[in-house]
Amino acid sequence: MSISLASQSPSITRKYATTFSVAISDRLTYRTDFLFATLMRFLPLVSIAFLWTAIFEGSGATRIAGFTQGEMVAYNLMVFISRAFSSMPGLAIGIASDIRDGQIKKYLTQPVDMISFLFVTRLAHKLVYYLLALAPFGLVIFLCRDFFPPSPTPAIWFWFIVSLAFSFVIGFMFEATIGLIAFWTLEVTSLSYLTMSVVYVLSGHMFPLDLLPPAVAEFLRWLPFQYLAYFPAKLFLLGNQMSVEMLTFEIARMIGWTLALVTLVRVLFARGLRRYSAFGG
Amino acid sequence: MSESIFVPPSTTRYLKLYACFIRYCFVRELGFRFNFIARSVTGVGWLLLLVFYFDLIFGKTNSIGDWNREEYYFLMGTWFVLYGLVETLFLANCTRFSELVRTGQLDFLLTKPIDAQFLASLERIDWAELPSVLFGLGLTVYATYAGDLPITPSRAVGFLLLIGCGVAILYSFMISLASISVWIVRTQSLHELWFYIVQFGRYPSEIYGEGGLGIGIRFVMLYLIPVMLAINVPARFAVKVIDPWMVAYMVFIACLLLFASRRFFYFSLDRYRSASS
Numbered sequence: 001m002s003i004s005l006a007s008q009s010p011s012i013t014r015k016y017a018t019t020f021s022v023a024i025s026d027r028l029t030y031r032t033d034f035l036f037a038t039l040m041r042f043l044p045l046v047s048i049a050f051l052w053t054a055i056f057e058g059s060g061a062t063r064i065a066g067f068t069q070g071e072m073v074a075y076n077l078m079v080f081i082s083r084a085f086s087s088m089p090g091l092a093i094g095i096a097s098d099i100r101d102g103q104i105k106k107y108l109t110q111p112v113d114m115i116s117f118l119f120v121t122r123l124a125h126k127l128v129y130y131l132l133a134l135a136p137f138g139l140v141i142f143l144c145r146d147f148f149p150p151s152p153t154p155a156i157w158f159w160f161i162v163s164l165a166f167s168f169v170i171g172f173m174f175e176a177t178i179g180l181i182a183f184w185t186l187e188v189t190s191l192s193y194l195t196m197s198v199v200y201v202l203s204g205h206m207f208p209l210d211l212l213p214p215a216v217a218e219f220l221r222w223l224p225f226q227y228l229a230y231f232p233a234k235l236f237l238l239g240n241q242m243s244v245e246m247l248t249f250e251i252a253r254m255i256g257w258t259l260a261l262v263t264l265v266r267v268l269f270a271r272g273l274r275r276y277s278a279f280g281g
Numbered sequence: 001m002s003e004s005i006f007v008p009p010s011t012t013r014y015l016k017l018y019a020c021f022i023r024y025c026f027v028r029e030l031g032f033r034f035n036f037i038a039r040s041v042t043g044v045g046w047l048l049l050l051v052f053y054f055d056l057i058f059g060k061t062n063s064i065g066d067w068n069r070e071e072y073y074f075l076m077g078t079w080f081v082l083y084g085l086v087e088t089l090f091l092a093n094c095t096r097f098s099e100l101v102r103t104g105q106l107d108f109l110l111t112k113p114i115d116a117q118f119l120a121s122l123e124r125i126d127w128a129e130l131p132s133v134l135f136g137l138g139l140t141v142y143a144t145y146a147g148d149l150p151i152t153p154s155r156a157v158g159f160l161l162l163i164g165c166g167v168a169i170l171y172s173f174m175i176s177l178a179s180i181s182v183w184i185v186r187t188q189s190l191h192e193l194w195f196y197i198v199q200f201g202r203y204p205s206e207i208y209g210e211g212g213l214g215i216g217i218r219f220v221m222l223y224l225i226p227v228m229l230a231i232n233v234p235a236r237f238a239v240k241v242i243d244p245w246m247v248a249y250m251v252f253i254a255c256l257l258l259f260a261s262r263r264f265f266y267f268s269l270d271r272y273r274s275a276s277s
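Protein sequences, first through last, are from chains E and F. For the first sequence, position 11 matches number 11 in this note's numbering, and the numbering has no gaps at all. For the second sequence, position 108 matches number 108 in this note's numbering, and the numbering has no gaps at all.
Hint data in this document are derived by calculation from the structure and do not stem from the laboratory. One should not assume that every hint holds.
Said to hold, decoys possible - FRET-style restraints, in silico, Cβ to Cβ: (1) E/S97 - F/I180: 26 to 34 angstroms; (2) F/Y142 - E/F117: 36 to 44 angstroms; (3) F/Y266 - E/S21: 49 to 57 angstroms; (4) F/L56 - E/G256: 25 to 33 angstroms; (5) E/R266 - F/I215: 51 to 59 angstroms; (6) F/R33 - E/Q110: 52 to 60 angstroms; (7) E/S190 - F/G138: 35 to 43 angstroms; (8) F/I215 - E/V244: 22 to 30 angstroms; (9) F/I180 - E/L139: 24 to 32 angstroms; (10) E/F117 - F/A92: 57 to 65 angstroms; (11) E/A61 - F/E192: 33 to 41 angstroms; (12) E/A61 - F/V251: 35 to 43 angstroms; (13) F/L190 - E/L186: 53 to 61 angstroms; (14) E/W222 - F/Y18: 49 to 57 angstroms.
Beta carbons: idealized from backbone N, C-alpha and C, even for Gly.
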């Protein structure tokens, strides 16, 4: 059914371009106390800056886990930026509830691909978010400028921006995976709460992975989560200490994980749909 | 008007009623057992993570401010107990109050023959947060033994009483925030802001240092919005040198805030205009 409709529909680009612009205007409706709400989320950073000052004073060291005092505070700020790209609030639960209460039908009977539709919608939401968040983020970075090491080289800047783009894709695919599990089990809400705290630690959002014992940190670098927060932040702050081979390897691993997760989502979605049509009413 | 409305308030009546709330909420939770367990486990899981984080930090340093590892754990335990109690007893009620104002359902609460503040602040008990309180208590006990902290029975009693004062301080602010919803209908961001402000208080007050910003934060959080007072003073009382003036001040401020927030609550009720039907 959906195949025959798709053949009559306008071009794929136009279809998703419309989706994109609708999502943008949807997002701009709720901009009122956005500035206030965004600035508020940076408040814990003030305590974190003081906390790490006290920790460095207590230890007498100039570097902890490879970070200077300033870099440690800057790291805590940089993960806000990576998470602004990689976090997908409500995506997993949204997909799960669409599957559970049958809303998924609205995608199946229309000539759109559900995952692409959600992806484009998210992209639009994120772009509007960055546009609006530029002011508060800029203000906070300006206030924290003394914590940052000198600006990285153009090459590092380039790979930093690329890694943020990939963190968006990896974040989306991971959350979509969790949501699609709803085809098999109904208890996705508690699962997604659980993954939230797991991701918080494993992505390096809570603290830089280097703080962990080296073997554990190395293991975590093999998982996709580090690209959600840790990798872009570390690259930006300490990228000039990274060898070209190391950087190439990390980028390759990141692309590898992205492809793997995209494939996983595709397979889960295809299999889930088969299962859904078998049981759904 | 039926006679029952004019029954004089008696303590036993209120206690009996509160026992009913406790039972009712517990039964409610048991209706969704899996959800209850999942929430309890996630709640304690977050706290475990925090302890783990500071365990890593104390692998790199011996002290934060003038707090060593075990003393710091004691402070964290104090924070978990305090905030856990507030979440168990009051948080759901205070957020619900804003909702009652918005929908006009507050009318039904006001017409009941019982103290409005009692009903508005205590009707819901969030049992899933209780494990966090127990975890916090366990952490303070562990820290006491592991660090050989100088806690005597009298200090322990004082500590618990001061925790009570701390809960009173946090509660007073929360019920006042909820009261504001009579004027501002959407107070979601206000509640969120409050959450972030409380976060300032969970660290030792010493870390804020002697710089201008640090002194400013400490002054505000100790005297104007005394969340730092609420968390730091009980822990200091238990494990550090006792500062009698700070303790006296905390008891005083807790009583003052309870009184002031009650006045403010009733002041806001006077301005409540219900929702048009």
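Evaluated hints:
1. Checking the proposed 26 to 34 angstroms range against E/S97 and F/I180 shows it holds: the Cβ atoms sit about 32 angstroms from each other.
2. At roughly 51 angstroms, the beta-carbon separation of F/Y142 and E/F117 lies outside the given 36 to 44 angstroms, and the hint is violated.
3. Checked against the hint of 49 to 57 angstroms, the C-beta distance between F/Y266 and E/S21 comes to roughly 51 angstroms, which is consistent with it.
4. For the hinted restraint 25 to 33 angstroms between F/L56 and E/G256, the CB-CB distance of approximately 29 angstroms keeps it satisfied.
5. A C-beta distance of roughly 57 angstroms is found between E/R266 and F/I215, which places it inside the suggested range of 51 to 59 angstroms.
6. Distance hint check: the CB atoms of F/R33 and E/Q110 are about 39 angstroms apart, inconsistent with the given range 52 to 60 angstroms.
7. The hint said 35 to 43 angstroms for the Cβ distance between E/S190 and F/G138, and at roughly 24 angstroms that hint is violated.
8. Against the hinted window of 22 to 30 angstroms, the Cβ-Cβ separation of F/I215 and E/V244 comes to about 47 angstroms, which falls outside the hint.
9. One distance hint, 24 to 32 angstroms for the beta-carbon pair F/I180 and E/L139, holds here, with the actual separation near 27 angstroms.
10. For E/F117 and F/A92, the Cβ-Cβ distance of about 36 angstroms falls outside the hinted range of 57 to 65 angstroms, so the restraint is violated.
11. Checking the proposed 33 to 41 angstroms range against E/A61 and F/E192 shows it holds: the Cβ atoms sit about 36 angstroms from each other.
12. Distance hint check for E/A61 and F/V251: the Cβ-Cβ separation is about 41 angstroms, which falls inside the suggested range of 35 to 43 angstroms.
13. Distance hint check for F/L190 and E/L186: the Cβ-Cβ separation is about 35 angstroms, which falls outside the suggested range of 53 to 61 angstroms.
14. With their beta carbons about 53 angstroms apart, E/W222 and F/Y18 fall inside the hinted range of 49 to 57 angstroms.
The structure shown violates the earlier hints numbered 2, 6, 7, 8, 10 and 13.
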